[in-house]
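Chain order of the listed sequences is A and B. The opening residue of the first sequence carries number 659 in my numbering; numbering runs sequentially from there. The opening residue of the second sequence carries number 659 in my numbering; numbering runs sequentially from there.
If you are wondering where the hints come from, they were derived from the structure by calculation, not from laboratory data. Be aware that one or more of the hints could be misleading.
It does not matter which identical chain is meant; a pair holds if it fits inside one copy or across any two.
Said to hold, decoys possible - When the alpha-carbon atoms are kept at most 35 angstroms apart in a straight line, the in silico DSBU-like pairs for lysine-lysine are as follows: (1) 839 - 881; (2) 844 - 699; (3) 761 - 819.
There are 2 protein chains.
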Amino acid sequence: MNHTYQYPRAALTVDCVVFGFDDGSGALQVLLIRRGIAPFKDHWALPGGFVRVEETLDEAARRELAEETNLSTVFLEQLYTFGTVDRDPRERVVSVAYYALTKPADHTTAASTDAAEASWFPVSDVPPLAFDHATILDTALARLRGKLRYEPIGFELLPPKFTLTQLQRLYESVLGTEIDKRNFRKKVLGHELLIPLKETHRDGPHRPAQLFRFDPEKYERLKKKGFLFEL
Amino acid sequence: MNHTYQYPRAALTVDCVVFGFDDGSGALQVLLIRRGIAPFKDHWALPGGFVRVEETLDEAARRELAEETNLSTVFLEQLYTFGTVDRDPRERVVSVAYYALTKPADHTTAASTDAAEASWFPVSDVPPLAFDHATILDTALARLRGKLRYEPIGFELLPPKFTLTQLQRLYESVLGTEIDKRNFRKKVLGHELLIPLKETHRDGPHRPAQLFRFDPEKYERLKKKGFLFEL
DNA sequence: CCAAAAGTGTTCAGGCTACACCCATGT
DNA sequence: ACATGGGTGTAGCCTGAACACTTTTGG
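Please model the complete structure; the sequences and the hints are all you need to start from.
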């Protein structure tokens, strides 16, 4: 076969499930855009769009993220590819879904291309979504929960400097469980991947909290030696 | 946007990493086909092909598997989507990779469409592969190893009736570790997901081995109650 | 009777769980 | 001084790892 394949082709898109964590409410959030165009005009949807022939899938995901939400330099990982025949009413569209984790500082969102509006919603209370985006969101949530247990990705949802209580609230919120404070601290400090800073976090009429930062280099070194992060 | 998207489109394929376990050699195997057409004519490659507009991705994977290898009713799960720009020399091709697990009884392979020849290779000793199929195979192996630990998919690689020793050899081979016989049996029987049969497996000048079968219904019930399989 | 794999229990150490009080600060 | 969240240690339990001999069969 030296000629190219000429049968009708599916269109290819990427969709991104962007997670953020709001320390105030302690709730996990998703970034949604309100569609400015048909189909599903004015419905909420995941940011995404068509893949160009000259860009990789990862590039397409980052580009769409930048265009529609002004986010960059976030944790981004491929999730799953959704390819049922009727997921888009216009024609056959296969979508490679990604999920992204953003730190609160990056939450400077502003809509632009294709998106009339962008906004954060708590994952426990999202509006009806366009296409099969509810399924994609569920898949992303399941993946996030699974991954949080055995890989240190929770830090991607927190500011660079954070307290142990913030980290614990994040775990509790995402996993939907209550965790014992002492046990949590013992375990997470036991890994020796958190560096205590000289600063503290002042926040109201009580003792200030120690700030930490995650040490990604040390984690990489340990990982190569067969180390396994957990909880 | 009421018109369809008209920019140049990537072609979409599925590729399948088919694993089998050879109890004789105790080695994990992959099914490869020798390509009958360019590019990479006469090279070994993963079975796969173009996705048709009227079929889902899962259907496309099953169809290609049936066409190229005569396999059906196997465990099949989406793996990852590979979309670098130059992975196919002809044009832009995005490939949704699947991995499949087959029981030895299903190994009645015979090549047909597009494939000049189909053959099993031990994963530790595969020939050079076409396209980026070596990368796909590595990804599939990593996934299989990860999944074997916390989901009962090992049974998909064994005949319906099997001995604990066969199961242990499978785990040892895939995970690349040695496992203590007594501990392994304690753990795996502790789940109470293996049903001891009234039959034994006679195999040479030694005590015959008890045969078991996996109980998928019980597993489904336990899973819904939050049970987690492990090792 | 010999070779070969099947089958079986106990001990020990380390990790996980449960649990309650004092500390530092702002108002 | 009081209200608020930050921070800390221990004891019991359970799980995982290490380890060696008897049993059943075919040749």
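Hints versus structure:
no., hint, result
1, 839 - 881, "both (26 angstroms within a copy, 28 angstroms between copies)"
2, 844 - 699, "neither (50 angstroms within a copy, 58 angstroms between copies)"
3, 761 - 819, "within (11 angstroms within a copy, 51 angstroms between copies)"
Going through the hint list in order, the structure does not satisfy hint 2, though it satisfies all others.
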